[in-house]
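All chains, full assembly: derive it from the sequences and hints.
Here the protein sequences come in this chain order: W and S. So that you can map any letter, position 129 of the first sequence is 129 in my numbering, and since no number is skipped, the others follow by simple counting. So that you can map any letter, position 17 of the second sequence is 17 in my numbering, and since no number is skipped, the others follow by simple counting.
To be clear, the hints were calculated from the coordinates, so they are not data collected in a lab. Among these hints, one or two may not hold up.
Label-pair ranges, simulated between beta-carbon atoms [said to hold, decoys possible]:
| id | chain 1 | residue 1 | chain 2 | residue 2 | range |
| --- | --- | --- | --- | --- | --- |
| 1 | W | 98 | S | 57 | 34 to 40 Å |
| 2 | W | 124 | S | 90 | 48 to 54 Å |
| 3 | S | 90 | W | 70 | 17 to 23 Å |
| 4 | W | 86 | S | 44 | 28 to 34 Å |
In silico DSS-like cross-links for lysine-lysine, where the CA-CA straight-line distance does not exceed 30 Å [claimed, not checked]:
| id | chain 1 | residue 1 | chain 2 | residue 2 |
| --- | --- | --- | --- | --- |
| 5 | W | 87 | S | 101 |
| 6 | S | 88 | W | 86 |
| 7 | S | 88 | S | 28 |
| 8 | S | 28 | W | 86 |
| 9 | S | 101 | W | 159 |
| 10 | S | 28 | W | 109 |
| 11 | S | 88 | W | 159 |
| 12 | W | 159 | S | 28 |
Here are some of the chain W residues that sit facing chain S, going by a computed Cβ distance under 7 Å [what the hints assert, rightly or not]:
| id | residue |
| --- | --- |
| 13 | 8 |
| 14 | 15 |
| 15 | 18 |
| 16 | 20 |
| 17 | 21 |
| 18 | 29 |
| 19 | 40 |
| 20 | 42 |
| 21 | 50 |
| 22 | 71 |
| 23 | 104 |
| 24 | 105 |
| 25 | 108 |
| 26 | 131 |
| 27 | 150 |
| 28 | 157 |
Cβ coordinates follow ideal geometry from the N, Cα and C atoms, glycine included.
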Amino acid sequence: MANLLFYLFTFLAVGGALLVVANRNAVNAAMFLLLSLVGVAGLFVLLDAALMAFVLLLVYAGAVVALFLFIIMLLDTTPGAQKPFKKATIAASTLGGALLLLGIVSLSKRGMLPAAEATGSVPTLKNYAEQLFTTYLLPVQIVGFMLLIAMLGVIVLSKRFTATDKAS
Amino acid sequence: MSPYGLNAYILISALLFAIGFFGVLLRKNTLVIYMCLELMLIASTLGLVAFSRFNHTLDGSVFVFFILTIAAAEVAVGLAIIVALFRKRHTIAVEELNTLKN
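Shown next, in the form of structure tokens:
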């Protein structure tokens with residue numbers, strides 16, 4: 001059963017990712033990004049990180065993809081024809097793709113990673129909270145400030161600066 | 001509970017990252033490029049969670065919290081920049097945004 005789920009989630013994640021890249025329409029690409037996210041969240045559950053899966057779905061599917069869709073609808077760009085690629089670009093991407101594929105295959109064939117077992121206790125919400133509020137207290141504070149700065153930045157960026165604004 | 005070893009998860013993570021990377025290189029729509037960037041972030045997240053699980057530590061998973069937070073901030077700022085760009089130039093296709101080239 002777990003084997004089957006692993007293959008299903010892998011298929012969802014990788015297939016969704018491929019369709020994000022291959023799709024011409026931005027709205028469809030966002031939908032396939034959502035599919036890929038669901039696959040990755042399923043893999044998180046298989047790795048006993050159900051909390052991470054929940055947070056991933058909440059933040060990405062709930063906020064990020066919705067924001068993407070909102071902006072796509074707002075800008076309303078036509079999916080018009082893409083200019084053909086230059087010969088050098090095609091050659092470089094083919095070479096890069098071949099090398100990358102070779103690297104991934106060789107990694108999976110003779111990876112020197114120890115055959116670790118995923119045993120032991122499953123981390124609970126309490127463990128996460130303890131870590132976040134003891135070892136990682138400073139990073140949590142910094143990330144909070146970072147969010148505040150991002151929010152201020154977005155307000156500044158989306159404010160329309162006109163001549164009357166500067167005069168006042 | 002996980003039926004396969006660390007290698008399988010690292011392989012999926014590498015594949016997702018590669019797909020996202022090629023999306024960034026090949027696509028011309030800024031919004032889709034942004035989605036592919038998100039895909040790369042998610043791929044690294046999967047790798048971190050797998051390492052954290054197989055090493056019996058919690059550090060990787062805690063790091064994922066921070067990655068998600070930064071990703072959310074990044075998306076907000078990036079999309080605001082894209083909207084500002086569209087307002088000024090009326091296009092978001094990267095091949096038409098070549099003012100710095102001349």
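A quick look at each hint next to the structure:
For residue 98/W paired with residue 57/S, a C-beta distance near 36 Å keeps the hint of 34 to 40 Å intact. Taking the beta carbon of each, residue 124/W and residue 90/S are about 52 Å apart, inside 48 to 54 Å as hinted. In this structure the supplied range 17 to 23 Å holds for residue 90/S paired with residue 70/W, their Cβ-Cβ distance being about 19 Å. Between residue 86/W and residue 44/S the beta carbon distance is about 30 Å. The supplied range of 28 to 34 Å therefore holds.
Restraint check for residue 87/W and residue 101/S: satisfied, since their Cα atoms lie roughly 20 Å apart, inside the 30 Å limit. Among the hinted pairs, residue 88/S with residue 86/W is consistent with the structure: their alpha-carbon atoms are about 28 Å apart, no more than 30 Å. With a C-alpha separation of about 18 Å, the suggested pair residue 88/S and residue 28/S falls inside the 30 Å cut-off, and the hint holds. This hinted pair checks out: residue 28/S and residue 86/W have alpha carbons roughly 13 Å apart, not beyond 30 Å.
Between the alpha carbons of residue 101/S and residue 159/W the distance comes to roughly 28 Å, so the proposed pair stays at or under 30 Å and holds. Of the pairs offered as hints, the one joining residue 28/S and residue 109/W is violated, with about 35 Å between alpha carbons and a cut-off of 30 Å exceeded. Only pairs whose Cα atoms come within 30 Å are accepted, and residue 88/S paired with residue 159/W is accepted, the gap being roughly 13 Å. For the given pair, residue 159/W sits about 27 Å from residue 28/S by alpha-carbon distance, which is consistent with the 30 Å threshold.
Among the interface hints, the one on residue 8/W is violated; its C-beta lies about 12 Å from the nearest C-beta in chain S, farther than the 7 Å criterion. A distance limit of 7 Å between C-beta atoms decides the matter here; for residue 15/W the minimum to chain S is near 10 Å, and the interface restraint is violated. Taken as an interface hint, residue 18/W checks out: its beta carbon lies about 6 Å from the nearest beta carbon of chain S, inside 7 Å. Evaluation of the residue 20/W hint against chain S yields a held restraint, the C-beta minimum of about 6 Å falling below 7 Å.
Here the hint on residue 21/W is kept, as its CB sits about 4 Å from the closest CB of chain S, short of 7 Å. Hint status for residue 29/W: holds, given a least beta-carbon distance of 5 Å to chain S, under 7 Å. The restraint placing residue 40/W at the interface with chain S holds, with a minimum CB-CB distance near 5 Å, inside the 7 Å limit. The interface hint given for residue 42/W is violated, since its Cβ lies 11 Å from the closest Cβ of chain S, which is over the 7 Å cut-off.
Nearest Cβ of chain S to the Cβ of residue 50/W: about 10 Å, over the 7 Å cut. The hint is violated. The beta carbon of residue 71/W comes within 5 Å of a beta carbon in chain S, closer than 7 Å, and the hint placing it at the interface holds. The criterion of a C-beta within 7 Å of any C-beta in chain S is met by residue 104/W, whose closest approach is roughly 5 Å, and the hint holds. Checking residue 105/W against chain S by beta carbon gives a least distance of about 9 Å; that is not within 7 Å, so the hint is violated.
Restraint check, residue 108/W versus chain S: the minimum CB separation of about 5 Å is within 7 Å; hint holds. Annotation: interface hint on residue 131/W holds; nearest CB of chain S at approximately 5 Å, less than 7 Å. Look at residue 150/W: its Cβ gets to within about 4 Å of chain S, closer than 7 Å, so that hint holds up. Look at residue 157/W: its Cβ gets to within about 4 Å of chain S, closer than 7 Å, so that hint holds up.
The structure shown violates the earlier hints numbered 10, 13, 14, 20, 21, 24.
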